[in-house]
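Colleague: Let the sequences and hints guide you as you build the complete structure.
Residue numbers (our numbering), protein chains in the order written: chain A, 1 to 149; chain B, 1001 to 1313.
Accuracy of the hints is not assured; some may be wrong.
What the hints assert, rightly or not - Straight-line distance between alpha carbons at most 27 Å, and here's what the computed DSSO-like set of lysine-lysine pairs gives:
1) Lys12(A) - Lys1277(B)
2) Lys1255(B) - Lys1225(B)
3) Lys13(A) - Lys1277(B)
Stated by the list, open to error - Calculated Cβ distances over 10 Å to all of chain B for the following chain A residues:
4) His31
5) Ala45
6) Leu78
7) Lys88
8) Leu98
9) Pro128
10) Leu132
11) Ile135
Stated by the list, open to error - Chain A stretches covered by chain B per the calculated footprint, using a threshold of three residues with CB under 8 Å from any CB of chain B:
12) 60 to 74
13) 114 to 124
In short, the hints are calculated from the structure, not lab data. Computed from a predicted model, the values in this text were never measured in an experiment. Just so it is clear, CB atoms sit at the ideal spot from N, CA and C, and this is done for glycine as well.
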Amino acid sequence: MGGATNLLDLIKKTRNRRIKVLIAKLGLDGHDRGAKVVARALKDAGLEVIYTGIRQTPEQVVETAIQEDVDVIGVSILSGAHIPLMTKLMRLLRERGLGDIPVFLGGTIPLPDIPKLKELGIRNIFLPGTPLRDIIKETLEAALERSRE
Amino acid sequence: MKNNVETLIGNALNGDRASIGRLLTYIERSPEIASKILSIIIQEKGGGHVIGVTGIPGSGKSTLISRLISHYKNSGLRVAVVAIDPTSPLSRGALLGDRIRMQEHATDPRVFIRSVPTRGVKGGLSFSGVAMIEVFDRLGFDKIIVESIGVGQTDIDIMNLAHTILVVTAPGLGDEIQALKAGIMEIGDIYVLNKSDKPEANRTYAYLDFALETGEIGSEKIKWKPRLVKTSAVMGQGIEDLVDIIEEHLQFIKKSGIYQEKIRVRRRYMVRLLAEKLFLETLENLSDSIEPTGKNIYEEAVQLLKETLSQFD
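Modeller: Spelled out as structure tokens, the structure:
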């Protein structure tokens, strides 16, 4: 209950801030239900969500983040190729000077891979069953922290 | 901030995409900075061709634009897209999905696509949207394509900012009466019947053709005769024809002086949108603080109006 009130406060606080989030389906899988549900939840929480559609390359995601100048990136992968894809994405983001954008990953990620992904600089990994309110809350917090820096 | 903006503009003029992206964000966030940016790049390059694309949701605007981008970039032109999608009036959030159909161009250095939410502006075009068009023009983009939200028959603000207006429709969406109605069917320079690979396409073509023919009756001014073209964006059909007609229209407006006139109209519109925005924001803040008696509403409204305007003295 305490968590829910917190979230409402956060949403109120960010209501006039126009936080932009990129939701991207990275790699060769077409399972986009999760990404769409998250995109919609973020929209309903008052965020401006840019959705790339499926089968994006790391280069496309980075270029889109640059053109849209987003505050947060959320990546969805259900193909099992999360380690090589995220390694490349995080490297490209740093190379293009976007190392300060918080990146989240969602999808079917085996638990043993999580430490390695976090080492890459991914802010958090959302596994199947993660409540939407947690995703919204962490996204808003990440965006607020970045804009304060 | 000042030096920062000047550095960004310098880099943006050299084609640095991150700088362009950030400039657009400044324009969205602050009208003062937008004004400053436009005063610095007052007419660095210019000469761009603004193409407005409107038409009902689902008619294939985004896919069609993607085809146009392919064509233009292959001709060596630089293309900017301003893709407008609606903001939710309830949550103030937005889901911007126009670029899904254009993502094949995401990494092309000649193409820059920016999604713009309507943020509560009635016609869908905010001050910042128009200011972005100005910036793209001054940064030297050759074709600036504006995709409007396409909400039915009222989405005509695009008239105020585009050189060439494409109205996109699809087969099976109504008979000739729909085609004759006032609004969106009156503003096109070029009407595009997309998805023309569908079986009902010929009948819809006939309705539209009839509507455009009857539009000729009584119009005495020598002007552009609206054209109708069949495309199938998904199949890549009719795109060459469409591109040819767009170029024909550009030549026509350049020769007739409409090209320059449209730039004046766009700038006038931009100033009006900003005035509206400033006024309405101030009005909204002040109206929260008044306590109407309910007895003399007209006088109270005039008083509120005066107080709102006095904030700008």
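Colleague: Per the coverage rule (Cβ-Cβ under 8 Å, at least three residues), is the region 60 to 74 of chain A covered by chain B?
Modeller: holds (count 7)
Colleague: Just want to verify: Leu98(A) was marked as not at the interface with chain B; is every Cβ pair farther apart than 10 Å?
Modeller: violated, 8 Å
Colleague: His31(A) clear of chain B by more than 10 Å, beta carbon to beta carbon?
Modeller: holds, 16 Å
Colleague: Does Leu78(A) sit more than 10 Å from chain B, CB to CB?
Modeller: The claim stands: Leu78(A) keeps its Cβ more than 10 Å from every Cβ of chain B (closest is about 18 Å).
Colleague: Any Cβ of chain B at or closer than 10 Å to Ile135(A), or is the non-interface label fine?
Modeller: holds, 14 Å
Colleague: Please verify whether Lys12(A) and Lys1277(B) have alpha carbons no more than 27 Å apart.
Modeller: holds, 22 Å
Colleague: Would you say Ala45(A) is clear of chain B, with no C-beta pair closer than or equal to 10 Å?
Modeller: The assertion about Ala45(A) is violated, with a minimum of 6 Å to chain B.
Colleague: Can we confirm that no CB of chain B comes within 10 Å of the CB of Lys88(A)?
Modeller: holds, 14 Å
Colleague: Count the residues of the region 114 to 124 of chain A whose CB lies closer than 8 Å to any CB of chain B, then report whether that count reaches three.
Modeller: Check failed, 0 qualifying residues.
Colleague: Compare the distance between the alpha carbons of Lys13(A) and Lys1277(B) with 27 Å, and conclude whether the hinted pair is satisfied.
Modeller: holds, 22 Å
Colleague: Find the nearest Cβ of chain B to the Cβ of Leu132(A) and say whether that gap is larger than 10 Å.
Modeller: The claim holds: Leu132(A) sits with its nearest Cβ about 13 Å from chain B, beyond 10 Å.
Colleague: Keeping to a limit of 27 Å between CA atoms, is the pair of Lys1255(B) and Lys1225(B) held or broken?
Modeller: holds, 15 Å
When held up to the earlier numbered hints, the structure conflicts with 5, 8 and 13 and fits the remainder.
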